[in-house]
Amino acid sequence: MQRSRFLIGALAGLTVSANATDLFAKALAMPALPNVAPGAADDRVLVVINLQGGNDGLNTVVPYGMPNYYRYRPTLGISPHDVLALDNTIGLNPQLGPLKAMYDKGQVAIVQGAGYPNPDHSHFRSTEIWQTAEPEHYVSTGWVGRFLDEADLPEANLFNAVALAPVLPAVMVGRRVDVPAIAALRGYGLSSDGNVSERAAFATVVRDDRVPFSSPYLSTVATIEDHAQRGSEELPKLIAGYSSQATYPATPLGRSLALAAQIVGSRLGTRVIYVQHGSFDTHAAQKPTQDRLLHELADAVKVFYDDLAAHGEDKRVLTMTFSEFGRRVAENGSRGTDHGEAAPMFVIGGGITGGLYGKHPSLDALDNGDATFTTDFRSVYATIVEKWFQRPTTGVLAGSFPTLPILA
Amino acid sequence: MIVSMIASAPSAFRPAGPLPASPLAPYAGPWNARLAAHLLRRAGFGGSPSDIQTAAGQTMNGAVDALIHFPSTDSLPEGPELIDNDEGTPLAAPLVMSSPMPDASGTDAATNAIVEARKQRAMLRRRQELANVTWWLDRMLVSPAPLQEKMTLYLHGHFATASGTKGIYGTDIVDQNWLLRHYALGNWRDLTHQIARDRSMLKWLDNARNVKAHPNENFARELMELFTLGIGNYTENDVRESARAFTGYTFRRRTGEFYFNVAQHDDGDKTFLGHTGNLNGDDVIDIIFAQPAAPKYFARRLLEFFVYSDPEPELVDAFAATIRKNDFNMAPVMSALFRSNVFYSDRTYRALVKSPVEFTIGSYKLFGLTEVAPQTVGVLNRMGQVPFHPPSVKGWDGGAQWLNTQTILARENFASEITTAAAQGKNFLNAGPPANARDEAQALTHTILQGDVSPGSVADLESYLDGRGTSADGMLSGENFEERMRGAAYLTMAMPAYQLS
Numbered sequence: 001m002q003r004s005r006f007l008i009g010a011l012a013g014l015t016v017s018a019n020a021t022d023l024f025a026k027a028l029a030m031p032a033l034p035n036v037a038p039g040a041a042d043d044r045v046l047v048v049i050n051l052q053g054g055n056d057g058l059n060t061v062v063p064y065g066m067p068n069y070y071r072y073r074p075t076l077g078i079s080p081h082d083v084l085a086l087d088n089t090i091g092l093n094p095q096l097g098p099l100k101a102m103y104d105k106g107q108v109a110i111v112q113g114a115g116y117p118n119p120d121h122s123h124f125r126s127t128e129i130w131q132t133a134e135p136e137h138y139v140s141t142g143w144v145g146r147f148l149d150e151a152d153l154p155e156a157n158l159f160n161a162v163a164l165a166p167v168l169p170a171v172m173v174g175r176r177v178d179v180p181a182i183a184a185l186r187g188y189g190l191s192s193d194g195n196v197s198e199r200a201a202f203a204t205v206v207r208d209d210r211v212p213f214s215s216p217y218l219s220t221v222a223t224i225e226d227h228a229q230r231g232s233e234e235l236p237k238l239i240a241g242y243s244s245q246a247t248y249p250a251t252p253l254g255r256s257l258a259l260a261a262q263i264v265g266s267r268l269g270t271r272v273i274y275v276q277h278g279s280f281d282t283h284a285a286q287k288p289t290q291d292r293l294l295h296e297l298a299d300a301v302k303v304f305y306d307d308l309a310a311h312g313e314d315k316r317v318l319t320m321t322f323s324e325f326g327r328r329v330a331e332n333g334s335r336g337t338d339h340g341e342a343a344p345m346f347v348i349g350g351g352i353t354g355g356l357y358g359k360h361p362s363l364d365a366l367d368n369g370d371a372t373f374t375t376d377f378r379s380v381y382a383t384i385v386e387k388w389f390q391r392p393t394t395g396v397l398a399g400s401f402p403t404l405p406i407l408a
Numbered sequence: 409m410i411v412s413m414i415a416s417a418p419s420a421f422r423p424a425g426p427l428p429a430s431p432l433a434p435y436a437g438p439w440n441a442r443l444a445a446h447l448l449r450r451a452g453f454g455g456s457p458s459d460i461q462t463a464a465g466q467t468m469n470g471a472v473d474a475l476i477h478f479p480s481t482d483s484l485p486e487g488p489e490l491i492d493n494d495e496g497t498p499l500a501a502p503l504v505m506s507s508p509m510p511d512a513s514g515t516d517a518a519t520n521a522i523v524e525a526r527k528q529r530a531m532l533r534r535r536q537e538l539a540n541v542t543w544w545l546d547r548m549l550v551s552p553a554p555l556q557e558k559m560t561l562y563l564h565g566h567f568a569t570a571s572g573t574k575g576i577y578g579t580d581i582v583d584q585n586w587l588l589r590h591y592a593l594g595n596w597r598d599l600t601h602q603i604a605r606d607r608s609m610l611k612w613l614d615n616a617r618n619v620k621a622h623p624n625e626n627f628a629r630e631l632m633e634l635f636t637l638g639i640g641n642y643t644e645n646d647v648r649e650s651a652r653a654f655t656g657y658t659f660r661r662r663t664g665e666f667y668f669n670v671a672q673h674d675d676g677d678k679t680f681l682g683h684t685g686n687l688n689g690d691d692v693i694d695i696i697f698a699q700p701a702a703p704k705y706f707a708r709r710l711l712e713f714f715v716y717s718d719p720e721p722e723l724v725d726a727f728a729a730t731i732r733k734n735d736f737n738m739a740p741v742m743s744a745l746f747r748s749n750v751f752y753s754d755r756t757y758r759a760l761v762k763s764p765v766e767f768t769i770g771s772y773k774l775f776g777l778t779e780v781a782p783q784t785v786g787v788l789n790r791m792g793q794v795p796f797h798p799p800s801v802k803g804w805d806g807g808a809q810w811l812n813t814q815t816i817l818a819r820e821n822f823a824s825e826i827t828t829a830a831a832q833g834k835n836f837l838n839a840g841p842p843a844n845a846r847d848e849a850q851a852l853t854h855t856i857l858q859g860d861v862s863p864g865s866v867a868d869l870e871s872y873l874d875g876r877g878t879s880a881d882g883m884l885s886g887e888n889f890e891e892r893m894r895g896a897a898y899l900t901m902a903m904p905a906y907q908l909s
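Residue numbers (the numbering used here), protein chains in the order written: chain S, 1 to 408; chain G, 409 to 909.
In short, the hints are calculated from the structure, not lab data.
One should not assume that every hint holds.
As the list claims (entries may be wrong) - Just some of the chain S residues that point at chain G, by a computed CB distance under 8 Å:
(1) Tyr188
(2) Arg207
(3) Asp209
(4) Ser215
(5) Pro216
(6) Leu218
(7) Ala228
(8) Ser334
On a predicted model such as this, the values are computed, not experimentally measured, just so you know.
Yeah, the Cβ is synthetic: ideal placement off N, Cα and C, and Gly gets one too.
For reference, chain S alone in the conformation it holds in the complex (with noise of 0.2 Å):
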């Protein structure tokens, strides 16, 4: 493990103390990063949003011009005078405001009825099948973590995605880059770090050379301790430069979009960030929880786009949401909905063809009960791949799906 043994090697010699650690810290602050011209195709940004628990695409997407929709909606159904009309038959969740003046702008695309075939109505699964971008099989790696993989990108940098979680997702597993996942800022660290004499003998006995036995798993340990140890020190440094005007709304999504703007603006060469957002499982009563959250989300996307804007950062930075299903077209005896299907995903960004995309799934036949998806999923991986990243998508999804024209 070259890197962990470099740092004993710039150690040694040194007296440590609480200057000696600043000043290591400064030395590992220069982040290598490659010199790529902004808005070329390399420094662009992915931010992906899970909407956990299966949102009710129905509520959000509104199909307020299908008759269908209020039959199967007795209490749940938005009337037409609350949507936020997009045309005559489709309008979006009143809560979703901020997003409709994005989308009015143009900055907001909306894939509607995504969806796989032979859908699987378990959270797990379905979550799994939504980040593995694979249906049929049970593969470790995820869709993201296959695109860093394939993509070249530069081995020393600790920062290449970053997951704001508090478990790494599937979606960001790959076989080579490490993605740090990081639930917050604040936590992300040693409990030790108050410790001095502590924290520097943590970075020097975290070492794998000439141990009396050998693991297959002994590099991966050492390098993600090494990875962990000072990627918690570093990142609070390399994104401290940062200063924004933006006022976050104080919510979990707020605060992720928050540091995702600080992460961009900081040009750490990060690719892809990972947040999440939810719980949007609403069996029962479900309008107050969707409306937050909805509202949340909108707010929050509204802000980081706003904040990425002044620091001209907007038109490098591309967001897409997914959820695991949507849920059944008819609601059930407690005002809420069960697990369905098909639902619309939102790609959002500067540099995009906003609108309408793929067919709303048609409400008058349904798959018992559910609406079924008129756009693979993986159609939109592949637009991302392709036409954001400009990389094939071999090795990073199974078979092809068509793009979208949502990137030119």
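Please build the complex by placing chain G on the supplied structure of chain S, with the hints as guidance.
Quick look at chain G alone, frame taken from chain S:
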């Protein structure tokens, strides 16, 4: 296309070098504390320094016998604390609304009543979940039969069922846990027959809704794909026919007891893996266990859990033969594995990543602590493994999946907390009077890691203990001994070997 490429790619985590000759023949090499600690980690949850001494003082056969022929566990609590439910209805029962359902116009009061009742129920259910998990963790920590708990943990990952979802609430999952424990070293064909009747499993994989008119394939599919055969050893038609055979396998709503609903069972002919007849679910299981793929599937899963990742096909075949010869009676099978050449070979030693449960319970044992703090459940969540809450029916992948920056930080921070807690209790890990920094560094790395450390790390630890580089703090002394030893134990637990089993 890419999938098959991924699936057939050689794992980076198979140990290097050739498989030893006669890998499953009895091991006849030297026996020492290092191998005794290895056995305790793999066949249990590690041990205190004195547990390791005891096992090292026996012969290898004696140490394995003590694990296999374990003493009675009757003195342990039989189950978790039961969370009070004012209404007296089981937590798993569907919520019956006392107020009438709102009509289409709905009133806010009615909606609020539903929200409030659900909140209450959810709170009680969460408390019961927490009680369930801490009960099992405590049992893993103090049971005189660690192998029984380890096999139960293995089986929980094998027949992975998650509580707190799909109607599995209250102590449903604890009942399943007892089923797994009962068969931990028993006959796993019999266990599979019982799993097909288990209330949690019937809910989890929807077989309770598998009826003649609308067969539900969920259980039938996972039974073969994840529990017994693995993909490629059956066809989609076998899945459909198996689902028909399992129609009517359900449970009584009132008692939760298994119930074969004849009226919902499809009693027509089915053709399953070459057998035709009016098969039921139990026939299907017997046919599955007669397939050569079944012992191989169990062999691979067991080797990956107890020995090393991506075991060689020849090792899988040899172990499968042991399983078949013993007709799925697992006591002699596991006994043979824990006495084998391959188990004590260099390629097996420290070749696995400790699971979060192994990491935390092993640390509790190391410091002689006898009760798991409830916060440990949250810590385990941050590390990525909460018992009774596997991420999917596939269980926990283990290996590299345990390792990412956030989970590693959670492990280190847990080490920091537990060393602090242990230091408050007593002069831990050090029987004699304070010695010099070099001896203490040697002793600590031997006690915690059986000496599996880089010489450089020992020197670093010595520097830390002597306060080198931290100026005025001074060398290791009676005055700073507790604090420095706590820090040194924490740092030793941060060394890579401590993450490995």
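Hints versus structure:
no.: 1; hint: Tyr188; result: holds (7 Å)
no.: 2; hint: Arg207; result: holds (5 Å)
no.: 3; hint: Asp209; result: holds (5 Å)
no.: 4; hint: Ser215; result: holds (4 Å)
no.: 5; hint: Pro216; result: holds (4 Å)
no.: 6; hint: Leu218; result: holds (6 Å)
no.: 7; hint: Ala228; result: holds (4 Å)
no.: 8; hint: Ser334; result: holds (6 Å)
In summary, the structure agrees with every hint in the numbered list given earlier.
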